[in-house]
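Residue numbers (this note's numbering), protein chains in the order written: chain A, 13 to 143; chain B, 2 to 180.
Simulated from the structure, these hints should not be mistaken for lab results.
Pairwise CB distance ranges (calculated):
#	chain 1	residue 1	chain 2	residue 2	range
1	A	Glu19	B	Asp146	17 to 23 Å
2	B	Asp57	A	Val123	44 to 50 Å
3	A	Lys72	B	Ala179	24 to 30 Å
Mimicking DSS-like on lysine-lysine, the simulated pairs with C-alpha atoms at most 27 Å apart in a straight line are:
#	chain 1	residue 1	chain 2	residue 2
4	A	Lys15	A	Lys28
5	A	Lys66	A	Lys23
6	B	Lys70	A	Lys108
7	B	Lys65	B	Lys54
8	A	Lys108	B	Lys65
9	A	Lys66	A	Lys108
A virtual CB, placed ideally from N, CA and C, is assigned to each residue, including glycine.
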Amino acid sequence: MAKMTLEQLRKLREEKKGDMVRRDVEGKNIQIIVGMGTCGIAAGAKQTFDEIVKVVDENKMTADVIIRQTGCMGLCHVEPTVEIVMPGMPATIYGKVDVPTAREIVIKHVVGKTLVENHIYDRPAVDIVKK
Amino acid sequence: MHFAVCDFLLDLVQNSVEAGAMTVTVSVAEERNVVEATVEDDGEGMDGEELAKAKDPFYTDGRKHSRRKVGLGIPFLLQSLSLAGGSHEFSSRKGEGTRLSFSFPADGIDTPPLGDVTGLFLSAMCFDGDYELIVRRRAPARGVDYEIRRSEIIEAVGPLTDAGALVSVREFLASQEAS
Chain A
13 MAKMTLEQLR
23 KLREEKKGDM
33 VRRDVEGKNI
43 QIIVGMGTCG
53 IAAGAKQTFD
63 EIVKVVDENK
73 MTADVIIRQT
83 GCMGLCHVEP
93 TVEIVMPGMP
103 ATIYGKVDVP
113 TAREIVIKHV
123 VGKTLVENHI
133 YDRPAVDIVK
143 K
Chain B
2 MHFAVCDFLL
12 DLVQNSVEAG
22 AMTVTVSVAE
32 ERNVVEATVE
42 DDGEGMDGEE
52 LAKAKDPFYT
62 DGRKHSRRKV
72 GLGIPFLLQS
82 LSLAGGSHEF
92 SSRKGEGTRL
102 SFSFPADGID
112 TPPLGDVTGL
122 FLSAMCFDGD
132 YELIVRRRAP
142 ARGVDYEIRR
152 SEIIEAVGPL
162 TDAGALVSVR
172 EFLASQEAS
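With the hints as constraints, model all of the structure from the sequences given.
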């Protein structure tokens, strides 16, 4: 693989933008937040983050979804944790989100608007809520 | 305990961002039979007493999670270095910033694997906020030598909260790692 230049990166990004399909009129208001503190990293949150990016991209949802990282959400015992805030669904923190679960959450919760059982742990800690 | 050197580094970068740093520099080099890495920031910094406490796994400043009794990020790294026969330098000045550099013997039996360098740099750029991240990377044996700034990446692809942008940046970073 040849080393890309920033100019090539810019072009790749433009091509990707062409693929995007806006699903509805709600705008970009789905937030997926991955806990990336010591606890999250130790439990594999980087892989979880990568999988979420991949599945969101595969499902052509990049026009609607914001993916963020934060520090510890206070649920170290069930890392990796992922919080989802979106219209039509309660704000939810999922725990024990390994790679297959990450895929399931994007497809069921974000696309299908159905909660994923057995991984629901809490509502957000006050220091990560964006008003 | 973290699995890979890159996991320790991501943890340190997250500390820097949380310490309000405007500029964070992370460098990773594989040469002369050692794996050397440094994270340096201009965040709020620590005084001598706080710096000593940061090495204690049973200390945390308690600001974020009021009843927590542990802070494991730096102690994990120091423990791993001590197991593997590595070394480190850790310095900080209140109000000025913090610098932690360390090195592992490249072929040490207790040296953690380097891990996913591309994923490290990508994640290190993706925390909230307006900070600058300067990445310096050297692995001369494989012909890898580059420097990248978060600001130039954002200028090229837009906000790093967009999955499409993240996929593109990952591909870009992976290409820099190619020999």
